[in-house]
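Reassemble the complex: the two chains are provided individually, in unrelated frames, and hints are given to aid placement.
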Amino acid sequence: MIRLTGIERTFTVGDEQVHALRAVTMQIARGEYLSIMGPSGSGKSTLLNILGLLDRPNAGSYELDQRDVTGLSDDELARVRREKIGFVFQFFHLVPRLTAAENIELPMVLSGVDPAERAPRLGQLLAEYGLTERSGHRPDQLSGGQCQRVAIARAMSMRPGVILADEPTGNLDRHTGQEVMSVLERLHENGGTVIVVTHDPEIGARSQRRLRMIDGAVASDEKG
Amino acid sequence: MRFADLLGFAWQVVLGYRSRTLLILLAMGIGVAAVVTVTALGEGARLYVVRQFGSLGTNLVIVLPGRSETSGSMPGVLIGKTPRDLTIDDALALKRSHAIRRFAPLIVGAGDVRSGSRRRETPVLGSTPELMDIRSMELASGRFLPAGDPRHSQPVCVIGTKVAGELFGNRQALGDWVRIGDRRFRIIGILAAQGESLGFNTDEIVIVPLAAAQALFNTESLFRILVEAKSRDQIADAKADVEEIIRLRHEGEKDITVITQDAVLATFDRILRALTLTVGGIAAISLAVAGILIMNVMLIAVTQRKREIGLLKALGATGRQIQMAFFTESAMLALGGAAVGVAAGEFGRSIISQIYPAIPFEAPWWALVAAPVTAVVTGILFTVAPARRAARLDPVQALSRR
Numbered sequence: 001m002i003r004l005t006g007i008e009r010t011f012t013v014g015d016e017q018v019h020a021l022r023a024v025t026m027q028i029a030r031g032e033y034l035s036i037m038g039p040s041g042s043g044k045s046t047l048l049n050i051l052g053l054l055d056r057p058n059a060g061s062y063e064l065d066q067r068d069v070t071g072l073s074d075d076e077l078a079r080v081r082r083e084k085i086g087f088v089f090q091f092f093h094l095v096p097r098l099t100a101a102e103n104i105e106l107p108m109v110l111s112g113v114d115p116a117e118r119a120p121r122l123g124q125l126l127a128e129y130g131l132t133e134r135s136g137h138r139p140d141q142l143s144g145g146q147c148q149r150v151a152i153a154r155a156m157s158m159r160p161g162v163i164l165a166d167e168p169t170g171n172l173d174r175h176t177g178q179e180v181m182s183v184l185e186r187l188h189e190n191g192g193t194v195i196v197v198t199h200d201p202e203i204g205a206r207s208q209r210r211l212r213m214i215d216g217a218v219a220s221d222e223k224g
Numbered sequence: 001m002r003f004a005d006l007l008g009f010a011w012q013v014v015l016g017y018r019s020r021t022l023l024i025l026l027a028m029g030i031g032v033a034a035v036v037t038v039t040a041l042g043e044g045a046r047l048y049v050v051r052q053f054g055s056l057g058t059n060l061v062i063v064l065p066g067r068s069e070t071s072g073s074m075p076g077v078l079i080g081k082t083p084r085d086l087t088i089d090d091a092l093a094l095k096r097s098h099a100i101r102r103f104a105p106l107i108v109g110a111g112d113v114r115s116g117s118r119r120r121e122t123p124v125l126g127s128t129p130e131l132m133d134i135r136s137m138e139l140a141s142g143r144f145l146p147a148g149d150p151r152h153s154q155p156v157c158v159i160g161t162k163v164a165g166e167l168f169g170n171r172q173a174l175g176d177w178v179r180i181g182d183r184r185f186r187i188i189g190i191l192a193a194q195g196e197s198l199g200f201n202t203d204e205i206v207i208v209p210l211a212a213a214q215a216l217f218n219t220e221s222l223f224r225i226l227v228e229a230k231s232r233d234q235i236a237d238a239k240a241d242v243e244e245i246i247r248l249r250h251e252g253e254k255d256i257t258v259i260t261q262d263a264v265l266a267t268f269d270r271i272l273r274a275l276t277l278t279v280g281g282i283a284a285i286s287l288a289v290a291g292i293l294i295m296n297v298m299l300i301a302v303t304q305r306k307r308e309i310g311l312l313k314a315l316g317a318t319g320r321q322i323q324m325a326f327f328t329e330s331a332m333l334a335l336g337g338a339a340v341g342v343a344a345g346e347f348g349r350s351i352i353s354q355i356y357p358a359i360p361f362e363a364p365w366w367a368l369v370a371a372p373v374t375a376v377v378t379g380i381l382f383t384v385a386p387a388r389r390a391a392r393l394d395p396v397q398a399l400s401r402r
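Taken in sequence, the protein lines are chains U and Z.
The numbers in our numbering rise by one with no breaks, and the one at position 81 of the first sequence is 81.
The numbers in our numbering rise by one with no breaks, and the one at position 345 of the second sequence is 345.
You can trust all of the hints, since none of them are fake.
Cβ pair distances, simulated, as ranges:
(1) Z:Ile-300 x U:His-175: 34 to 42 Å
(2) U:Phe-11 x Z:Gln-304: 24 to 32 Å
(3) U:Gly-123 x Z:Leu-277: 51 to 59 Å
(4) Z:Ile-300 x U:Gly-123: 34 to 42 Å
(5) U:Thr-25 x Z:Ser-400: 21 to 29 Å
(6) U:Asp-114 x Z:Trp-11: 17 to 25 Å
(7) U:Ala-116 x Z:Val-279: 46 to 54 Å
(8) Z:Arg-2 x U:Gly-191: 29 to 37 Å
(9) U:Ala-119 x Z:Gln-354: 47 to 55 Å
(10) Z:Leu-277 x U:Asp-15: 54 to 62 Å
(11) U:Met-1 x Z:Ile-300: 36 to 44 Å
Below 25 Å or equal to it, Euclidean Cα-Cα: the simulated SDA-like pairs (lysine to any residue) are:
(12) Z:Lys-162 x Z:Val-49
(13) Z:Lys-306 x U:Arg-79
(14) Z:Lys-306 x U:Gln-141
(15) Z:Lys-306 x U:Phe-11
(16) Z:Lys-306 x U:Glu-83
(17) Z:Lys-306 x U:Asp-75
(18) Z:Lys-306 x U:Pro-139
(19) Z:Lys-162 x Z:Glu-138
(20) Z:Lys-306 x U:Val-13
(21) Z:Lys-306 x U:Glu-76
(22) Z:Lys-306 x U:Ser-143
(23) Z:Lys-306 x U:Ser-111
(24) Z:Lys-306 x U:Thr-10
(25) Z:Lys-306 x U:Leu-72
(26) Z:Lys-306 x U:Ser-73
(27) Z:Lys-306 x U:Gly-41
(28) Z:Lys-306 x U:Gly-170
(29) Z:Lys-306 x U:Thr-99
(30) Z:Lys-306 x U:Leu-98
(31) Z:Lys-306 x U:Arg-138
(32) Z:Lys-306 x U:Gln-146
(33) Z:Lys-162 x Z:Asn-201
(34) Z:Lys-306 x U:Arg-97
(35) Z:Lys-306 x U:Asn-171
(36) Z:Lys-306 x U:Gly-112
(37) Z:Lys-306 x U:His-137
(38) Z:Lys-306 x U:Glu-167
(39) Z:Lys-306 x U:Asp-140
(40) Z:Lys-306 x U:Arg-56
In case anyone wonders, no lab produced these hints; they're calculated from the structure.
C-beta: ideal position from N, C-alpha, C; glycine also.
Bound-form chain Z, shown alone (with noise of 0.2 Å):
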């Protein structure tokens, strides 16, 4: 039999029972477009926060006072020793490495923020003026923190549009004052609306001096350096410096943690990669219980069928033809669904993509590689059965029956 007219053959045998064809179109369909918009989903969740990531700032690498390590015992706490405080002085020193382009160090606490008779709880950041550079942050008007020596400040601050918008409303809120805890400072700039950013929404926050946040809070520890390596490719000589600067200080005890950006985002990007895979793989299920339902319509076809199959046979249609008939036929159903499938998912994308712009949701190639594809395996997997059946089948008996 030529291939040409077994297409032929199976697609007037599509043609033909058209509400069963309908019926494993949808099977099918709903199957790959569950799988296409699943994994969408997925790979835009990825991507939204690969990004954010990006936005963070470019070559960051985060130090952390503390250290995290596996040990047989818990030797901070048997041992009498907490790790030690990171201050002012260790972040100053790291100006001596030449891997580092900028750093600023960071204190974070919740301050509660008045003017007049409106108040606002508020984080609030300490930190110095090169902050706005790594964070790569913008400015709707005004300045942001004076430059000068971190260890003294001046009683000024920089906020976010939302916190002007809450205490000023209309009113004029640059160069005025506001009152954060017991202190008052003055409003030198204000934030441009740049929204969520890891944790950190940059509308809702009120930035300080260092030295103000430390006297404010009645801390002399910082939270975080964050620290803008030269390059990309000094990223690594960056974490070593800043662990051997910091071990000096403290006396040869490295008690700080460093985080490259990078290692950050790989961690993330693994996570929701193993996501994506997972919700995908289930989602392929439907996939499996559609391969199910073409076995059960096959099956069905090959009982109905039962005088023709006969009747090929007589008319000289070896077991195989039989067989590859099935399978041309379910090939052909499953490419379709698949098809559908496909079409109805890029659909349902556009549509949660429509309500949910930020997010860059997008099939990723392989999903719309790996979902067609496994509808045609289990299309045609699930026919071996029916087909090996069919063409088994007595043709005298077959065609006795009326």
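Chain U extracted, bound-state conformation (with noise of 0.2 Å):
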């Protein structure tokens, strides 16, 4: 599903040249469940940002369903973000202004979706994720978990392919950071990709398939 061959990511932070990512190379397959671990700095926050298109490689090439996306342009990959990919980050990232129901509708009023076909689909989502009571509170009257939980509907709204997890849990105690990880396990579960960058070994541990990076370069790839 996703196949990544030579992947180059360098900044220029003042006039040094930061190596981010180093011919990365790596497959993923349709229904895995991968965690990306490393110190900070190791550029896995840089390879999921590749892997969302939110950030474009020097070099190397990036193919998503069979499709090159790597010279794709900033429209067309906003089109690619929103059918294909969806989030969820650390800091949850919900419009404070806008309601629970409404940050989770977000997507399919951005793509276009006709109101009466978003009614049915948010009401399943805000049951699935047990916000129904919730739905007409802002994030400011919402709790961390719920908070989350938002954030992991809304990205699930557009039925995407894969889930990107930025520290999902890190910002999260433990117990509601177990708990919103069971509901990404659920997404896995029923077939979706889901992907989780973390520096919890705990967290790590979880997932089926482990990559390690350190300085920009993949140093393990465990399965099982």
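Written out as structure tokens, the structure reads:
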């Protein structure tokens, strides 16, 4: 489903060239549950940004669903993101003035989904993530766990093939973190591809495939 | 993104940042209200002048002695010619024209009007009975100047209400005598209160027969001849006739100036319209200032909502969608501001009209259209830069910073 070949990413910091990613080559199959671990600065977030089409590699190629997306324009990338990729962030990134329901609906609104079609899908998502009672609340009236559930529901609203989670438990206590992880794992059980970036070994250990990154390169790739 | 959703999204932003919204509404509102009020004042002044000319009499042609012309040198001075006087005979000759309904020769001077111990300096008009119809004057009591040969006069006069009040107080003025200069006149009529009519307040004048005024001011020459054409279409004919008749009488010399009311009116109309446009344009500067405020606020919004914009991009919003969201928002704010401004402007106008009921203050339709349109256009124009900045925002950077 995802095929990265020789991905390079360099940043210029001051007059120094920093290699965030060096010759990353990997494949991710549909329905895999993958965690990317590594110390900070190891390039795991950069890799996630490239996988999520938020950033472009300086060299190498990226195939998503048998389509080379390396050379697409910004707007084409936006459309691919909209259809195929769902994001979950450490800081939730909910729009503060919108209610839980409106936040979840946002990707469908941006894609121009018909309101008649949106309503049942929204009701279904709210029920699925246990948010029906909180649908009219704004993010500041929700707990951290609820916020992250809203974010996951939002990521799922366009039924993307891939869910990218960047430190999804980083801002939650242990118990709530476990809860959120089990929500993500349920997506995987239902056939979704879930990629989690984390520096927490306990979280990383839950996945069936574990990628370790050091200095922008894949140091180990364990399965099972 | 559907248009309804775009509106809904912008609406939530507008509601979400209330103090910011109020600030922009205020700035835009002041700009639009200024344009509406100021153009209403200008338009009111224009209509006022137009109506004043209307009260001057209809189909009026004014004949002045002397000619204003432009030539290489000053012909009158160098060749030793001075403009010929207009005389009563010149005026009477105008009877020959078929385009002229009536005319009134006019002499104007200042007279010392006395009754008993009271005295008052007033403008004294010498004319003929036709003056009343030409200037559409009305009498409160008595009658106007008697008909007859304008070369001979009876010692009678018609006075304005204010003159009557000041000289006679509560006493009966009609039938009494006043002294003007060294002559005595019997009051045969009192004018109805009409107020100001282009320079002359008819409440404050005294009208005497033409020959009496000639004797009083010791002059043969007329100040003006007021001519009324038979109809609006015949104003041009009347003017041509006047010029031809007087030219023949003045040995072929065109030494008079003929002004038609239309020409004067058109000039005033043009001047006042230009004035309205100018002050309206000055007021529109405040709209530009409001536009700059919108730009400023939008630039701040782009910085403030950096994470939101990054998020929208991550969720699949294209640069165009983000720009559209900003444009919709500022158009909404500008429209709201324009609505507030038009309402406030109309309110201001109605207050001013209560204070000056005589002047027909009314915002011209073009100002009511142009001000809101300008508001929206400036709002959108000044959002171009912030919207582009938002659309170009790098989502990775926008999302990474807390």
